[in-house]
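Taken in sequence, the protein lines are chains A and B.
Under my numbering, think of the first position of the first sequence as 1, with each following residue one higher.
Under my numbering, think of the first position of the second sequence as 1, with each following residue one higher.
No wet-lab data here; the hints were simulated from the structure.
Worth double-checking, as some hints may not be accurate.
If several chains are the same, the list does not tell them apart, and a pair holds so long as it fits within one copy or across any two.
[As the list claims (entries may be wrong)] Calculated cross-link-like contacts (lysine-lysine; reagent style DSS-like; alpha-carbon spacing at most 25 Å):
id, residue 1, residue 2
1, Lys257, Lys144
2, Lys354, Lys221
3, Lys257, Lys315
4, Lys144, Lys254
5, Lys221, Lys259
Remember, predicted model here, so these are calculated numbers, not experimental data.
Protein chains: 2
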Amino acid sequence: MVDLDVVADNYRAFAGALPDTRVFYAVKANPAAEILKLLATLGSCFDAASVTEIEAVLAAGATPDRISFGSTIKKERDIGRAFELGVRHFAIDSEAEVDKIARVAPGSHVFCRLLVDNSGADWPLSRKFGCDEEMAVDLIERAKRLGLVPHGVSFHVGSQQGNPKMWDAALGVSARVFRACAERGIGLAMVNLGGGFPAKYMKKVPSVRQYGDTIFRALRKHFGNALPETVIEPGRGLVGDAGVIEAEVVLISKKSKSKGELTWVYLDIGKFGGLAETADEAIRYPIRTSRDGDAKMPCALAGPTCDSLDVLYEKEPYWLPISLEIGDKVLIEGTGAYTTTYSSVGFNGFSPLKQYVI
Amino acid sequence: MVDLDVVADNYRAFAGALPDTRVFYAVKANPAAEILKLLATLGSCFDAASVTEIEAVLAAGATPDRISFGSTIKKERDIGRAFELGVRHFAIDSEAEVDKIARVAPGSHVFCRLLVDNSGADWPLSRKFGCDEEMAVDLIERAKRLGLVPHGVSFHVGSQQGNPKMWDAALGVSARVFRACAERGIGLAMVNLGGGFPAKYMKKVPSVRQYGDTIFRALRKHFGNALPETVIEPGRGLVGDAGVIEAEVVLISKKSKSKGELTWVYLDIGKFGGLAETADEAIRYPIRTSRDGDAKMPCALAGPTCDSLDVLYEKEPYWLPISLEIGDKVLIEGTGAYTTTYSSVGFNGFSPLKQYVI
Chain A
1 MVDLDVVADN YRAFAGALPD TRVFYAVKAN PAAEILKLLA TLGSCFDAAS VTEIEAVLAA
61 GATPDRISFG STIKKERDIG RAFELGVRHF AIDSEAEVDK IARVAPGSHV FCRLLVDNSG
121 ADWPLSRKFG CDEEMAVDLI ERAKRLGLVP HGVSFHVGSQ QGNPKMWDAA LGVSARVFRA
181 CAERGIGLAM VNLGGGFPAK YMKKVPSVRQ YGDTIFRALR KHFGNALPET VIEPGRGLVG
241 DAGVIEAEVV LISKKSKSKG ELTWVYLDIG KFGGLAETAD EAIRYPIRTS RDGDAKMPCA
301 LAGPTCDSLD VLYEKEPYWL PISLEIGDKV LIEGTGAYTT TYSSVGFNGF SPLKQYVI
Chain B
1 MVDLDVVADN YRAFAGALPD TRVFYAVKAN PAAEILKLLA TLGSCFDAAS VTEIEAVLAA
61 GATPDRISFG STIKKERDIG RAFELGVRHF AIDSEAEVDK IARVAPGSHV FCRLLVDNSG
121 ADWPLSRKFG CDEEMAVDLI ERAKRLGLVP HGVSFHVGSQ QGNPKMWDAA LGVSARVFRA
181 CAERGIGLAM VNLGGGFPAK YMKKVPSVRQ YGDTIFRALR KHFGNALPET VIEPGRGLVG
241 DAGVIEAEVV LISKKSKSKG ELTWVYLDIG KFGGLAETAD EAIRYPIRTS RDGDAKMPCA
301 LAGPTCDSLD VLYEKEPYWL PISLEIGDKV LIEGTGAYTT TYSSVGFNGF SPLKQYVI
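Same shape as in the complex, but just chain A:
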């Protein structure tokens, strides 16, 4: 279940966190039509990862100038289709991608994704996306030579980034790319600060305002008075805490009679039903039961499938009420982002997660 009022509050907090920033909602976090419509009405822009997402945003009433095709891994025919639909902003991080865009989306704005440090994130993004700064300058020059409009740079400090200072180093790299491009006669205008703004799970996280303040100071430090336009791409931060999943306790059991053995609690949702982000126990969702006042015991928590990977928390046990019973309903909070679309089509014959919007 997703609460649109929470999404609206979150949107306003992000929109006001930095002066002159534009919010591009990361559609992949939760592409529900109701969420897209609400955000379109509130004036949000959108970061799309595929043509399907672009079409969903247009169907929600946003104009194509408010959409950025932010994936750096796009089929040429998908770029062409986005261009036909009116999209004029594309991400790049490789020569081949620049060439594709120049061929099928001539004259479009491009921004180059930089590879930056992700330490401190609960869901770091590895080296899959972005390129180093030297290559970024080359790509921007290449884009200009091929008739594209180099608009700026983007980076992503890692999803669920708990440390606002991580933006400082990334902005330092961005400012160097701006200067190197200026020396080659190319004026960049925009820094896309990415996402990474955390949702509230178990750990305490800084507020959007604190993020805004820290990032603004870093912008001043690296860009002085020539502040660039900024764009932020919250996904999890916008919708994560707006969602809650109701689950049922299917089984509570022990593996042996020996002392110190963990109690195993099995829910009717797990890694294949939408909670994929518990991989490596990375994201730790708060779970509410009707017995939360009672004494608690350490549990291994698992999903219902016959797959061993479908264990949510075991290395760091999850404390649940001793009085918990089979058949109890529990509420898994903070599940508004990266859940419904992660759900498998039907592993073990279980249906995908259903979503209700209020």
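Based on the hints, put chain B in the right spot on chain A.
Then chain B, alone, in the frame of chain A:
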């Protein structure tokens, strides 16, 4: 694409691998109706993980006496529904599960899942399933007391188990449980040897016949002349090498100009499109290109989504032809099991994997 001829050949190999064994196909590996129909015709039995899978097997023409509800994590109403559909074989590994079955599936046969060593498996099953042998004997007694028919034990040595000798230790535990139950006046009849029989991926694996011979020797060693009925539950072993996925190269790029940098190759399928078993680079699929005769380079191989987790192979790079080009089609082999149903409903707006059966 799944080739039914390969499935049929695999079925015959398994059916003949051990004397007097029955094959229960693990439906979760690939629940395609055509596969279920073929196996029903060939005389196979079926291991189901949910009511949906039971219904699919019945729709394929198998009678309910050929179905075992092999999940140890079942909602009581699902057990009741299976019983209504005629299913009389259920797995147990906890008191609560025995009690549920006694309440809503009275008089049914039950078999107890044992917790055994999984070392040597590419996809080990952790402690999620099964109980230790002392508890198993207690559960079997409890089942008998509650009017159920204790039929035997089951275990699983881990999926894609490369070492046939792992069945030896598990059969030793099984024989001890048989003896302990006999001392309490309960005669067990069946040992379910589980799955784990490997499909051919990159590594060379022993043949089904070698598995059969090794397991038969272990049965003799632990059970002497009082050989139990046996059941095997191949899933991956039956359908894994019958499937191939066609994918397209979306992007080939470098992250920087420095030497020794891996080339990144991005396909239009990844962890969220059906290749979830590449988690931790566990399962390594053979990939065929039209340029396989050419010189090769080490690559990081990734899927198309904006998720950093969607990297197939990076720690141990994958060697692909230097001449590979964007737009090339590649064939990912050995993908008949644990792919289609693992596919996400639409993460990043990408459609789930489509399957064709020949």
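Evaluation of the provided hints:
Within a single copy, Lys257 and Lys144 get their C-alpha atoms only as close as 70 Å, which misses the 25 Å cut-off; across copies the closest is 20 Å, which meets it. In this homomeric assembly, Lys354 and Lys221 never come within 25 Å of each other (Cα to Cα): the closest approach is 46 Å inside a single copy and 51 Å across copies. In the homo-oligomer, the alpha carbons of Lys257 and Lys315 lie at most 25 Å apart inside one protomer (20 Å), although the nearest pairing across protomers, at 40 Å, exceeds that limit. In this assembly of identical chains, Lys144 and Lys254 lie within 25 Å of each other by CA distance solely across copies; the values are 20 Å between and 64 Å within a copy.
In the homo-oligomer, the alpha carbons of Lys221 and Lys259 never lie at most 25 Å apart, since the shortest distance is 57 Å inside one protomer and 33 Å across protomers.
Of the hints listed earlier, those the structure fails to meet are numbers 2 and 5, in rising order.
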